[in-house]
Every structure is written in C-alpha cells, then in structure tokens.
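> Listed here are the chains, written in short residue letters.
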Amino acid sequence: MADIETKIRTKTQGGVTDVMVLVSHPMETGQRPDPKDKTKKIPAHHIQKLNFSVNGKEVASTDLGAAVSKDPLVGIKLKGAKSGDKIKVTWSDNLGQSGSGEATVG
Amino acid sequence: MKTFNTPEDPVTHLPRRLFLKQTLATAVLVGAGGTTLFRPGWALAAEWPKAAFEATKLDEAIAALFGKVPLASSTAVKLKAPTQAENSAQVQIQVQADLPNVEAIAVFIEKNPRPLVAHASFTGAEGYFSARMKMAQTSDVHAVVKAGGKLYTAKQNVKVTVGGCGG
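Note that the protein sequences, when read in sequence, are chains A and B. Each step along the first sequence adds one to the number in the working numbering, with nothing skipped, and position 3 is 3. Each step along the second sequence adds one to the number in the working numbering, with nothing skipped, and position 57 is 1057.
Chain A with its partners taken away, still in its complex shape:
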C-alpha cells in the first residue's frame, strides 16, 4: 500500500506555536457510491485517532470522524514550546493503517 504522507508545520508567534499537520489520507465516508458499480458504496476509510506529542509527552489526542475532509489538515496550538522541541504526530485509521510524522519547532 502506498505510503501515506504526514507533514507537520510549525509557526511560533508571540509565545504561541501553531502546529499544523497534513495527512494525505482519502478520508472515505462510506456513503459515496462506487463510480464503477453504482449498487455498491466505497467502504469507509478514515483516520480515527490523531495524537500530538511534544518531546515524547502527549499534549493532545483527537478523534476524527468521516466528516473530516480528505487530506485532513488539523491544527492545534502550544504555549511555551521552545525552539528545538520535537513534535510527533501519530495517527491510525479504521482499517488498521497508521503513520506518523515528526518535526522540530523552529
């Protein structure tokens, strides 16, 4: 299966760090008809858990539903993050696939 990319971007301004994560994931709702066979529906395939950690400590855990857009772009904010802090994002979907990405606060 193709690798699903997990990209993280951070921006610090006035002591608050924006963390944006982009996962190139189909986020299939399970409600859309299959274009090849109209009687069937494309099975649901979406991220369920997406967790953020800073230097190994979990800071936020999110549960996503199928209504989150394709290629989800999820943002959170951190206070007091220092330059060099390591941010790690891990996710897993309803089909058991998972992935992660890492970034350093600039």
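Among these hints, one or two may not hold up.
[Claimed, not checked] Here are the simulated lysine-lysine pairs, PhoX-like style, with alpha carbons at most 25 Å apart:
{"no.": "1", "chain 1": "A", "residue 1": "Lys88", "chain 2": "B", "residue 2": "Lys1155"}
{"no.": "2", "chain 1": "B", "residue 1": "Lys1057", "chain 2": "B", "residue 2": "Lys1159"}
{"no.": "3", "chain 1": "B", "residue 1": "Lys1150", "chain 2": "A", "residue 2": "Lys77"}
{"no.": "4", "chain 1": "B", "residue 1": "Lys1057", "chain 2": "A", "residue 2": "Lys11"}
{"no.": "5", "chain 1": "B", "residue 1": "Lys1078", "chain 2": "A", "residue 2": "Lys77"}
{"no.": "6", "chain 1": "B", "residue 1": "Lys1150", "chain 2": "A", "residue 2": "Lys70"}
{"no.": "7", "chain 1": "B", "residue 1": "Lys1111", "chain 2": "A", "residue 2": "Lys49"}
{"no.": "8", "chain 1": "A", "residue 1": "Lys41", "chain 2": "B", "residue 2": "Lys1057"}
{"no.": "9", "chain 1": "B", "residue 1": "Lys1057", "chain 2": "A", "residue 2": "Lys70"}
{"no.": "10", "chain 1": "B", "residue 1": "Lys1080", "chain 2": "A", "residue 2": "Lys70"}
{"no.": "11", "chain 1": "B", "residue 1": "Lys1080", "chain 2": "A", "residue 2": "Lys7"}
{"no.": "12", "chain 1": "B", "residue 1": "Lys1068", "chain 2": "A", "residue 2": "Lys49"}
{"no.": "13", "chain 1": "B", "residue 1": "Lys1080", "chain 2": "A", "residue 2": "Lys79"}
{"no.": "14", "chain 1": "B", "residue 1": "Lys1150", "chain 2": "A", "residue 2": "Lys82"}
{"no.": "15", "chain 1": "A", "residue 1": "Lys11", "chain 2": "B", "residue 2": "Lys1078"}
{"no.": "16", "chain 1": "A", "residue 1": "Lys49", "chain 2": "B", "residue 2": "Lys1159"}
{"no.": "17", "chain 1": "B", "residue 1": "Lys1068", "chain 2": "A", "residue 2": "Lys41"}
{"no.": "18", "chain 1": "B", "residue 1": "Lys1068", "chain 2": "A", "residue 2": "Lys79"}
{"no.": "19", "chain 1": "B", "residue 1": "Lys1057", "chain 2": "B", "residue 2": "Lys1111"}
None of these hints come from the bench; they were simulated from the model.
On the provided structure of chain A, position chain B as indicated by the hints.
Showing chain B alone in chain A's frame:
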C-alpha cells in the same frame, strides 16, 4: 585461535542460528502485531468514541460523548467558520476556547448524517482546534468545549451553496 577451531564450533553454530531464527520470528511478530499490541494501551488512554460518532442526532451525539451535562452558551468559545461555504467538502472550522482548564473540544455539524465531526482532548496543548470538514447541507455548526467539568458551546450557521454561486 584455539576457540575458533574447536570441534564444538558447528555445535555453537547451531544454537546461534536458532537464536537468529527466534529473534527474527519475534521481530516479525512485533512488526505484524504492533498495532494490535498497542490497541489495549490506547484503549486505556482514549478509545475512539464509536457510539458518539455513529449517533445520528445532535443531542444524542453530545450525550454519547460528554454524558448528559447541561450546556451553557458562552462567548468565550470562539467558533470561526465561513458564513457561506463555497466548497462543502472543505469547510475550514476553527475553535478557540478562552477558558481555563480546557479539557476537550468537539465539533458537531447538526445536519450531517452523523453530526460529530471531531473531538480533541488536551493534556498540555492550548484550547484550540482547527480542521477542514465536509458538510452535507446548510447547517448550524456547534462547538462544544469541556472546561473544568462544565460544557460550553457556541454555534454558527454555515450556508452551503451548490455550484459555488452564493444566493
């Protein structure tokens, strides 16, 4: 030199191979079963709230996620969403909670087949969450924030236009 040429050499070789085989087998096992092995730990921390995500009505979804706690409308919950969405599959929604001890933020789209879109719980990050969401039709978007054991909410109507022409 003596140790290298001892007759036991083939004997020591065998256990070594066996050891290698065993370690490889364990590695494969860990690799394949990694996700399933990790599940119980995650379940303890926070399982994906299936019942809440599968609820078809707004109040049922809120009750399934947070329990039957009264909601209070609050201006401290800042919901940023477009008043008119040009692309219903990509509606940028941001929630900022200016409250102390924010524990969780959840976003619900009332008229979606399944209202609960996302739920974030915080253990160190600020009370902020943003994501792009799909909307089935024009609907109220509700942000529910859990702070200090209480629930606060804010809502906004987002108009979904078909064909990108506002009207």
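> Determine which of the earlier numbered hints do not hold for this structure and return their numbers in increasing order.
1, 4, 6, 14, 16, 17, 18
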